[in-house]
Structure formats: C-alpha cells, structure tokens
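> With the hints as extra help, turn the sequences into a complete structure.
4 protein chains.
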Amino acid sequence: MLDVTTPTALLRQYLQVRKWTESICRPLQKEDYVVQPVEDVSPPKWHLGHTTWFFETMVLKKFLAGYVEFDPMFNFVFNSYYESLGARVIRTNRGNLSRPTVDEIYKYRKYVDSAMEQLLAQPLPAEAATLLTLGCQHEQQHQELLWTDIKFILGNNPLFPPYDTEEQPQPRPAAAMKFINMEGGVYEIGFSGGGFCYDNELDRHKVYLEPYAIADRPVTNGEFLAFMDAGGYKEFSYWHAEGWDWVKRDQVHAPMYWHKEDGRWMTYTLQGVQPVEPDEPLCHISFYEAAAFAAWKGMRLPTEFEWEAAAHLFDWGRRWEWTESAYLPYPGFERVAGPVGEYNGKFMVNQKVLRGASDFTPEGHSRHTYRNFFHPHLRWQLTGIRLAKTIKP
Amino acid sequence: MLDVTTPTALLRQYLQVRKWTESICRPLQKEDYVVQPVEDVSPPKWHLGHTTWFFETMVLKKFLAGYVEFDPMFNFVFNSYYESLGARVIRTNRGNLSRPTVDEIYKYRKYVDSAMEQLLAQPLPAEAATLLTLGCQHEQQHQELLWTDIKFILGNNPLFPPYDTEEQPQPRPAAAMKFINMEGGVYEIGFSGGGFCYDNELDRHKVYLEPYAIADRPVTNGEFLAFMDAGGYKEFSYWHAEGWDWVKRDQVHAPMYWHKEDGRWMTYTLQGVQPVEPDEPLCHISFYEAAAFAAWKGMRLPTEFEWEAAAHLFDWGRRWEWTESAYLPYPGFERVAGPVGEYNGKFMVNQKVLRGASDFTPEGHSRHTYRNFFHPHLRWQLTGIRLAKTIKP
Amino acid sequence: MLDVTTPTALLRQYLQVRKWTESICRPLQKEDYVVQPVEDVSPPKWHLGHTTWFFETMVLKKFLAGYVEFDPMFNFVFNSYYESLGARVIRTNRGNLSRPTVDEIYKYRKYVDSAMEQLLAQPLPAEAATLLTLGCQHEQQHQELLWTDIKFILGNNPLFPPYDTEEQPQPRPAAAMKFINMEGGVYEIGFSGGGFCYDNELDRHKVYLEPYAIADRPVTNGEFLAFMDAGGYKEFSYWHAEGWDWVKRDQVHAPMYWHKEDGRWMTYTLQGVQPVEPDEPLCHISFYEAAAFAAWKGMRLPTEFEWEAAAHLFDWGRRWEWTESAYLPYPGFERVAGPVGEYNGKFMVNQKVLRGASDFTPEGHSRHTYRNFFHPHLRWQLTGIRLAKTIKP
Amino acid sequence: MLDVTTPTALLRQYLQVRKWTESICRPLQKEDYVVQPVEDVSPPKWHLGHTTWFFETMVLKKFLAGYVEFDPMFNFVFNSYYESLGARVIRTNRGNLSRPTVDEIYKYRKYVDSAMEQLLAQPLPAEAATLLTLGCQHEQQHQELLWTDIKFILGNNPLFPPYDTEEQPQPRPAAAMKFINMEGGVYEIGFSGGGFCYDNELDRHKVYLEPYAIADRPVTNGEFLAFMDAGGYKEFSYWHAEGWDWVKRDQVHAPMYWHKEDGRWMTYTLQGVQPVEPDEPLCHISFYEAAAFAAWKGMRLPTEFEWEAAAHLFDWGRRWEWTESAYLPYPGFERVAGPVGEYNGKFMVNQKVLRGASDFTPEGHSRHTYRNFFHPHLRWQLTGIRLAKTIKP
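Chains as they are written, first to last, in my numbering: chain A, 682 to 1074; chain B, 682 to 1074; chain C, 682 to 1074; chain D, 682 to 1074.
Among the hints, a few may not be true.
For identical chains, the list gives no copy identity; a pair is met inside one copy or between any two copies.
Distance condition first, Cα-Cα at most 30 Å in a straight line; then the derived DSSO-like pairs of lysine-lysine [said to hold, decoys possible]: (1) 788 - 711; (2) 742 - 915; (3) 929 - 978; (4) 915 - 743; (5) 978 - 1070; (6) 700 - 788; (7) 1073 - 859; (8) 700 - 742; (9) 887 - 859; (10) 791 - 711; (11) 941 - 929; (12) 887 - 1070; (13) 788 - 743; (14) 700 - 791; (15) 941 - 978.
Derived by calculation from the structure, the hints in this document are not laboratory data. As the structure is a prediction and not an experimental result, all values here were calculated from the model.
Printed below as a string of structure tokens:
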C-alpha cells in the first residue's frame, strides 16, 4: 500500500511503481507493444508513454523549475482523455502509430524519472505530493490494464503465444458456497481514515440496507459450466433485454477466451492455452452474463453497498466482482476544477461498479471502499460473480 | 385514476381508455399513421394495433371461451418486445409496413372491444381483472407515446404541419426558484396502499438520505437560455464524457425542436412553430443536458429517492424530470414468470429514472412513486429539470 | 412511342403519360403511398410529386408567363438529385414524410396539368418542347420504378398483399436456347435517326467486335434452379470477389422474392405468392448472380455493344439484361450545362449497363440503343440474363 | 525486366527480387512493420510474409520433394485473398497481429529462399518455372505496395518521421502541355511478343478508336493548384455524383498528404514534409479528382485503349495514370482453374484501370500493355492525370 510522507519515501514509492510497470513488459516482443486489436485495449507502448506523460504534465511542468519538455508532440500522442489538456490522438487510432518507437518511449521514461529524482531531492509542496501520489495510483491502474491488454493481444493472436512459462499453483478444490446473513439497518459507506483514496469513494455517508445474504466466495468455472449446460445462453428470460441483444448479435456462448477442443473447454492463459479448471473462480464475463447467471440461480448480484458492508466477512481480491449498482456519485461528491477533476466524475453514467481486486491488481492498490467501473458488456478484465439474495421478512 | 373492482366498472374504465386513444388520433391524416422517422418513434397505427394485441393476447385468448383471433399474422406485426410471445417485426422496420391499413386496424380495435364487452358481461377471475388493468395502464403509457411520436412526426416534417389549432393558455410568469431543505434520515420509498402500481415500484423499502435541498419548481426555458448564452454547450467541464461526445457528434446546441429564426428562438408545438416562452418549464432535453445545466449552476439533479421523499412539498406533473438515479430494481423486486415479467425488469440497465408526469400523461396515470425510465440521450419525451443540492454539515 | 411535334400532339402525349402514372397507383391503399422500406425504393407518393415537380421546375417556371408555384416547399421535398436546383430531402428520408398527403399531391398534379394545358394552348418554343418531351420520358422511367417499388413494398410486407387479382397468361414452354453467331468487324453503336433519345446514347460511333455468339433468348427460372441445385451459391470460383462477399454477408441463396414453402420454390408476384414457373424468364437477380451463372455455364455476359449489334436478331423486352459493360460515356459525349446535364453523365462510374426492357417498361419507352444502368448488387428491378461466348479463331 | 529461361537465370532473378524487397524495408523501425492504419494499407511484415508464403504454397509444396512447411499456421496468417487456399486473417485484422515477429518472418524468408535454391539446383518443370516467374512478378507488385504503405504509415503519423534522408533531384521546370492527335481507326490492343504478361493483358484484340488527342505529359501540381484556387472542390458540376458525395463526406479539399502551413502548401514525402513543387507531376489523387479536374479543363481522361495506342508517342512512368476505362476482361479472357485463376479475373467489377508506372514500380515490371486497377476513391498510390479530348469531325 502506498503511504508516504517524506520526499525520500515518495521517491522510493515512485521508483518502485515505475519499475514494476517495466517489469510487466519485460517478456514482450517489440511488436507486442504496438498493436490495438480492439478499441478498449491500448498498445503497451501507449501505456508506458501515457503514465509518463501524466507525471510530466501534472507534476514536472508545474513544480520543477526549468524543466524542459521531452518532446512537445508527446502531449498530443499520450493524452488519454483530458479535454482540459488539449487535442489528442483518438482512442481507436492508438494502434496505428508506429512512432514514437518503444526505445524512444523508454528513453522518455528515463528522462522523466531522472527529472523526478531531481524534484524529489528537495522539500515538496503539498499539492505536488498529492499529484505525485495520484500519478502513482494512476500508473498502478495502468499496470492492471497492461496485464489485461497484453493478455488480449496475445490471446487473440491465432498463434496463441504464451506470455511466459512460469508454473502456476495447482488450483485448490472450491469449498461449498455459504451465505452470510446481514441484518437490515443503517451502514456507513465510503472511505475513512488516512492514506490515499479516490474522489469517487467520498463522501463517507450512510445507507440503509434491507436484510440480505451474500456468498462467502465467488462463483467458480464449474458452477458457470452448469449454467451453460442448462442452456443459460439460450433462454432469454434470464437476461436483460440489451444483454440478450448482445448475446445474439455477438453470438456469445461462453466466457471470453474459452473455446472447445475435442469436446473439452479450453481457455487462454498467460501461460498459453490450458483446460478450464472447474474449481477456479470464474472470470472474463460481462455484467450481462453475471446477472443472467444470478437470475438462473434465483438470486441476484449484490449492490456495491451490500458488498462493502459485508466485505470484512469474506475473502476477496482474486477477481473484480460485478455489482448491481450503477456508477454514480456519492452524496457530497464534487468534481474539482482542472484536469484532475476529469479523473472520475465525468464517467458517472451508463457504467457498472465492480468491487474487489484481481490477480492483476498491484499489491495494496485496492481496498474495500474502492470503486472500479466498466461498461456492462466488457469482458477483457478479470471480472467475476458473487451472489446475493434479499431476505424477505 | 383507474380504480375499479366490478366488471361494470372495469368495462367503463376500459372503454374510456380505448376511446381516449382514438381521440388522440382524430386530427391525423392517414399518412401520419404510417411513418417512423427514427427508431424510438413508432407509427401511430402501430400503437393502435399493439395496445389492442395486448388485450387480445393477454386477456381474450386466455379468458374468453371460444375467442377467435382476428388475424394470426397480427401477432407477428404487433408484438413489441415480448420474447416469450414469439417472433416479431423488429422495431426499426415498423415504418416500412403499409399493411395492415389504418382502416383494418380500427376494425381490429372494434373486434377486440366487442369481445371485451362480451367478456365483461360476466364475473371475471381475479387474474383476468389484473391483466385487464395492466392492459389499461399499458395503453395509457402508449397514449403518452402517441402524443410524443405524433409531435416528432409532424415537428420533423419540413412543412411543420400543426396537429390542431386549439388555443393554448397564456404562460404565467415563473416565480423565483426556492429550495426546500430536507433533513437527513431514513425515508420510506416505494408504493404502498391500494390501487394499481407497477412491479418496479415495489418493494416499499427504507433508504437513508443525507441532508439535501430541492427546488420547488422546474427549470424554465429562460433559465436554460442563460446556460446557452453562457456557452454551456461549448464547455466540456459541465458534461459527462459521453454527453460531450454526443454534443459534438450530433452537433447539439439547443433543446430538441428549437431553431433560430431571425435571431429569435422558435420551437415546434402541436399548434405549429411558436416563439420559445421564457417562463414555461423547459422540456425536450436529454439527461446529459440536464446534468450539464445543473453542473453549470453548481448544483446537481436529485436522486429518485430525494425526489420522492420531497414530492409532497412541491408541485409536479407538467414535465418528466430527469433524476441522477439509474433505473435499478428495488430490494425484493422479482420478475414474475411469463410475458408480464418482461414488462419492467429486463430494462433495468443503462437507463435513467424520470419522476413526475407531463402534459401528455393521461390523467391519474402517474403518482409520486411512479418510475419512468429512458436512455440518457433521448429527448423526444417531455423531459425537464429540477435542481437539487447536498447540504454539507 | 413518343413522337410529337405539334402542341396538340404534345398535349395528347403529355396527358396520356400523366394518366398512366395515376392508373398504376389506382389499386393502392393510401398507406402504400407512404413507405420506403429500403433506400433504393421511393414512396409512390414521392414519385407522383417528383415527376410533377420536374414539369413545374423545368417547363412551367421558365415558359408559362405568370405561373405561380403550387408550394415553394415542394421544391425541397420533391427534388431528387439535382444539385443545381437547391437543397433537398435526402433519399433515405423520403419515407419519413407523412406530408404532403396523397390528396395534396394529387391536387398538385391537377394544378400542374392544368397549367400545362394552358401552356400548350399556344405555340411552344423549341426548348420548351424538348424539355416537355424529356419530362414525359422522365415520368415513364418513374412509371417503371413505381411498379418495382410497389412490388417491393407489398412483397416485403409480412402479409404479402396482392396488388391486384388480374389473371396472368399461362407461361409457354421455353424453347431450347440457341446461339447466334456474329462475325468480327466494325459495328455502328448508338442512336441514329429521328425521335427522342437520351444523351447517353450519343455519339453514334464505331466499335470493333471480335467474333462472338449470343443466345436467342434469356435464361429461364428452370435453368437458374439447375445452377442453384448444383451449389452455385456455394462455390466462390464462379463469383467476382465482391459478389462473393455480398453472397456471404447478405446470405443470398436465391433470387429476390423467392422462398421455399414445403420444399417448393415460391415467389411474390403482383398477384400474390405463386409457385416459381420454370419456363418463365428469370428475374430479380444482381449482376453478380448473372455473372456467376454465366461462369458456371462456361460462358459470359455480352457487352452492351455485342448486345446492340445483335439485337435485331432476337426477341427482347421482357426483362432488363445485365451486360458485362460498365456505364461509361460514349466518344463525344458531353454533359450539357445546367440541371438537364445532371441527368446521366454524373452517374457514369461504378454502375453496369442493362439492355432491353421489361414487362414494367412503358410501351415505346425503350429501344435497342437504350442504356439502362444500376449498381451491380441491386435486384429489385426486373433484371435477367442473356448468355454470350467468345468465338476463338 | 524479368526474362529468364534457365534455372540459374531464374535463381539469379529470384534472389534479386527477394533482396530488393528486404532493402526497401531496411530503414524501418520494427514498430513500422506492424501497423495497419487503414484497411487498404498492409503492415510491412505482412508483405514480407505473404510474398514468401506465395512461393512456399505455389512452388515448394508442389515441386520440391520432401519440403517441410515452415509453420502450418502461416498459411492462415499470410493468405491474402485466395479462397481456394483456405481460411485467412481478414484484411482489416492484419494490423492486430503482433506475432509472428519481424525476426521470425525474416527467418521464414531465409528458410524459403534456401529451399528455393535447392529446387533451382536442378532442372525445373515448365509449370514450376511459370509459377516461379509469377511469384517474382507478384513480389514486385508487393514491392510497390510496400513503398506506398510505408509512406502512408509514416506520413499519417503525427510526428511525420522521414523514411530516409537521401537527397532528391531538383525538379525541372515542366514544359508546356502539348496534345498528340491520333487518327480514328482500328488498333491492336493487348500484349504480344515474348516474355511475361498477366492474363488480364490477353487476348490481344482489335478496338476501333474515334479520332482523339492525348497530352504529351501528365498534369503538374501547379496545374492542379489552379483548379483548387478556382474552387474546383466546391463546384459539383465537375464531379461524378458519388465523387461529390465522397468530397462532402470526407471533406476532401486537396490531394492526399497535402496540408497548408502558414499559407503555403506542404506535402509529406519519404524525406519528410516538403513544400509542394509546382513543376512536379501531380499524384495521390482519386479517380474522382482526376475526372473533375479534366471536366474543369473541358476535357476528359483517356480510355485505356487510347492510352495504349498512343503510349509510344509520349513519356510515361513517373505516375500511374487514371483512365476512364473500367477494369473489364478483354475478349477471350478466361480465368484458369485453381488459385492462380484468382489473380485478376475476380476483381473485374467496380474498379478503374490505371496505365503507366510510378517511381515506386520496380524497374522493368510495367509495360505499355500493363493494366493496373484500383477503386476510384483510393489515393495512397502514386496516381496522377493525363488529359485527353475527343476530336469532333
């Protein structure tokens, strides 16, 4: 967990985050850095440049006297969505850019890192420390995207190249699913205490929850296979209307990366194509599939509030968990002025909240009040299901 | 308000609803019944047929012994979205069908009405009464859509034909906007008491609201003009990211139906093109515009719960009001089995709740627990704004 | 055939053409006049108005002193593609316009006809006579489109309403196909002699044709069924690359309007759904299908020059015949200045020439030098096949 | 020019072609090999692999006993459009593939080259020699595409990286355009004599040409600037209807790669951004622009036959020249069976013929009977204009 107060501590954290980003990319071939097979997936070299641009733009230009921009054109190339920071390459075009090259981007990273070291050799204004911390958190989010984007790039290549050949731990048998009963009443929701949090976790506020029960573990591949075998993808009554349209239009019939070989379900992993393990937590499903599975079970997904209120009572962290909740502002939420204010608030429509964390989340990055969010049809993140049900009086 | 218990009372209500539908269409030319200028707008003749098909399919086929279908093909032509009731003409194709003709559809209405009279000449099973009531509520919803669709059909025709020439009351000067302070605490939300309600208004349940203030009247055209004059459509910081994309892609710069003639804002009304009245409640805006306006004011939209908790303290009913809330199930909500279960639940993703009612809502159809819902970009309904703000301690 | 020189003769011809247009529409319901199920098909009421607008704009406004336009907005509504004549309703929107109504358009026709009678009560400048003749030819082209568009509107309605119930002649058994051998050498191509022709039939010029043979009759339904039974729609080697893409994308597997009922091929005709007659000339196929059929036969389509050079040796006129030729200008072709110059020349790219005429072509409208043209994927015209082959020395 | 008869000569030619391909790529960064910014542009690494796959599939597998495929999956990755050779990566997806890597593809090239050397160490069946020659011609076509695709990849990158810094010769002042008068009469068209030609250049046959005049040099940048200055992009009457739609939809207002800097027209060249040279031959225009320019001049484009008949009377070879002719089969043309038959014939619809050659055409690859073809809207090839006019008697 990032919790730093002195320039030295900040620098140590900064360098640690920066290094981890590069170590994620180490097994890649140069060609892997370049492609963007679908709009949501960005080229790894773009992630490397964009996270660096964030520090250059938000911190160095403002706080390091005499700082000289590495290349003014990079502002155009590596801006993601900050309208207040000028024109930018549109998202669908990132995979069309062969330049700057990977080597140039690593040079850019070095250049910025060395300027940051210079900056952190002296006492730092509080605002700079805040922005630097935000920049580290931001880069950690892109670390997770790097993993999921690399997986997509390799896992959708007809040659199915493995990312590495590191041996994976044998999955343990899943225990029977149990439900935790939660009483109705007023709960406190949102971040409190010290340390970093995003603006979307605030204000801490009260919600009233009706009595409910929530599963003590996520749904497994084996449990989802039972849904598939029962014809779950063919029975509209389990689906939202737009989920059903999505199933038919895209001919969805299994989680992402799954395909059948000789009658056996296989899936792409970072170590290449492997059999689907029935005892592993399910992932790579859309919100629509999560909701349909729950409907088939006669249950539902938890709201994000139900999830948070009970999170101290179950293990979480191996998969992001779709909730029923839409991504909306908490009472008292306010966008701050300027580019930092574009971080969260402007996305608060038509997305769903996910809670938890995944194997790809950097250590210490998430917490039980953390609100992740994606559009309901997306599946390239490590997204899974935790069941809930209302307890009727 | 529909509240009926005996066959005779039911029949009276039924006939009244059916008659009102036809009287809405009376000023139309036959050609107006046929067209579908955009996907969301259905041809009036489709509304006439679809509401009739609903009674035929849900009530007559099940409860009137010996009932003979008017035309089996109509099941295909007039099914809207009920997957459990078979194949159907897809929504974008409704405007391509010249047959059945308007005369045939009026014949169909007569045929079904007369069968309904026959059915209601005798005691009715409770389930039939429930479905008949649902059918009347359903037809009332389509009455509102008839108005908005007719307005769209005529208001987007380059000849701008008026629907009628009925004189409209002179708008009264709008009073200064005041804010009602609401205390924090637990409130009861959802329908209770007797009479009809939709399944999406249940279960009645508790919510905790932080202290807030809510406007005593909706925003006026004049107030929105101030936003426009201040460059509100050109400053991204007021907008959701996808709202901003929508503004740029569709080149939105004013509410729907507004255009400038000789420097003066005009709008299409059912009585033809008229000057925009500054004191009238604003309408025909998207959720994005509503939220951007509120952001410009340094305020926000109310949640549907804040709206409902305060609704007894202000006048409402001349415009549907966008809320911040996503359209989601209440605790304890369950889809019933069969086609009736497709009425609401399957739409509970990616839509926003609107509260209130409009000039086009049939009398007695809405109530303070009523949850209307549309996608955030839609503007052809009579949609407006009520402001709210959080009261920070 | 239109061949007129005096005002009286012109008027007689004019009135005859105008009357025939209306008699084509007589069996329609008002609703049939309004719809536009696909972009290429225009609403019948649009054809009625557009042909009238042509006379108003090209003739009356210029040559009838004191003529008062029926309605200035009609210029916008009924302009088809004349850029030089101002803004217009875009083609895909014609089916969205319920106004002007059918009755108003018939009133418009009467108004213009009566002005034309007034104009023709006196001697006419040559230019006016030329434009009037062009207007009549133009309206005849729209008569053919009226037939094909009405057939599309009714034949794509799920109720398959017949246009009329007129008994059709029994098809006669097709004679064996014979080939006419044509010698190599220089031939004269293009219009000559008196009477009307389009600018695209000029200049008459010489072409050199290598020796070839051309079929004495078009391909029949039965012959095409043999292609279908032989898997012609499944074997890419018969197809152009873009034809093959079209087959796969649109899942084409039979001529337009054909469908199988209980193992038997049926087709929609103006008298309703009927069995496919094996001895009838094939129609409603695209250029791609025509070329694929010919390739399967080990033959090819004739060029338009080969067709014209041999046209006096075979019967033609029951189906438009796709040729191998692209629609290009003849040597010496020149666009005239102004709107009349937009008639043909600007379409001379990416279209294919069809020769002949069809059952829907007004009597006397076509001739052996007439060049019809459509995009290669279109099938809603009465389009068929005549085979040809090169004679190798 | 490729003209080889013995295995040794064939091998020398083969190796020379293969080497040239690789030398074109030498200045590239690895990232430049990967991207596909638009559908028509293929990643350079795909060209390297595809040309190699052609020899492996058409020659080695059939004629080298015991040949072992380099990697069976490459058949899927590097097939371009040969339906008879199995499934393939669709064209729009080529830029999504990071693997095989550039290094692997160069390994593949070495592997195949060495197998080809082995094959050519012994006498060769005639069919193998024919296919090898076709393979060399095929690779030469891809050399030209490599140049144009590399130019597109670099020239559409916001950093405008130069391909190399080789000094270019100073353009010489263009001489005044003169017209060569050609007499009417029968001309022989198509390939004759020894050496290689494509099937689309056969059969040699007679055409009759009416008297015409053809320019002795192509149109220059300066001449096209005059068209632009005269409002040529804004006056529809010069344009084909679909050209005009293209201009408006894509907001075309200058040749590809042109943009204005401080009031001066600049263009991207392989040596970076340079001022537009008025005396250089114009290039990077669509057929629509070519035709509009000719119309503005009161002239037209030559047909491919007019071009060929006069080609010995003027210099050509610095730019491909759009002709008026559609790409259609010559009399007697026949597709051969099997994959080689897919080379040309299946593209003979909706494309335009270009004659000549360009600076990017490998030496000796083109000839005066050579028929190049592209869709009329494409501009990334070195496409220019030669004017013609009909001589009226």
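> Each of the hints needs a verdict: does it hold here or not?
Evaluation of the provided hints:
no., hint, in the structure
1, 788 - 711, "both (15 Å within a copy, 16 Å between copies)"
2, 742 - 915, "between (55 Å within a copy, 27 Å between copies)"
3, 929 - 978, "within (22 Å within a copy, 39 Å between copies)"
4, 915 - 743, "between (56 Å within a copy, 27 Å between copies)"
5, 978 - 1070, "within (10 Å within a copy, 40 Å between copies)"
6, 700 - 788, "within (14 Å within a copy, 33 Å between copies)"
7, 1073 - 859, "within (18 Å within a copy, 40 Å between copies)"
8, 700 - 742, "within (22 Å within a copy, 48 Å between copies)"
9, 887 - 859, "both (27 Å within a copy, 27 Å between copies)"
10, 791 - 711, "both (18 Å within a copy, 21 Å between copies)"
11, 941 - 929, "both (19 Å within a copy, 25 Å between copies)"
12, 887 - 1070, "both (21 Å within a copy, 17 Å between copies)"
13, 788 - 743, "within (21 Å within a copy, 49 Å between copies)"
14, 700 - 791, "within (11 Å within a copy, 38 Å between copies)"
15, 941 - 978, "within (25 Å within a copy, 42 Å between copies)"
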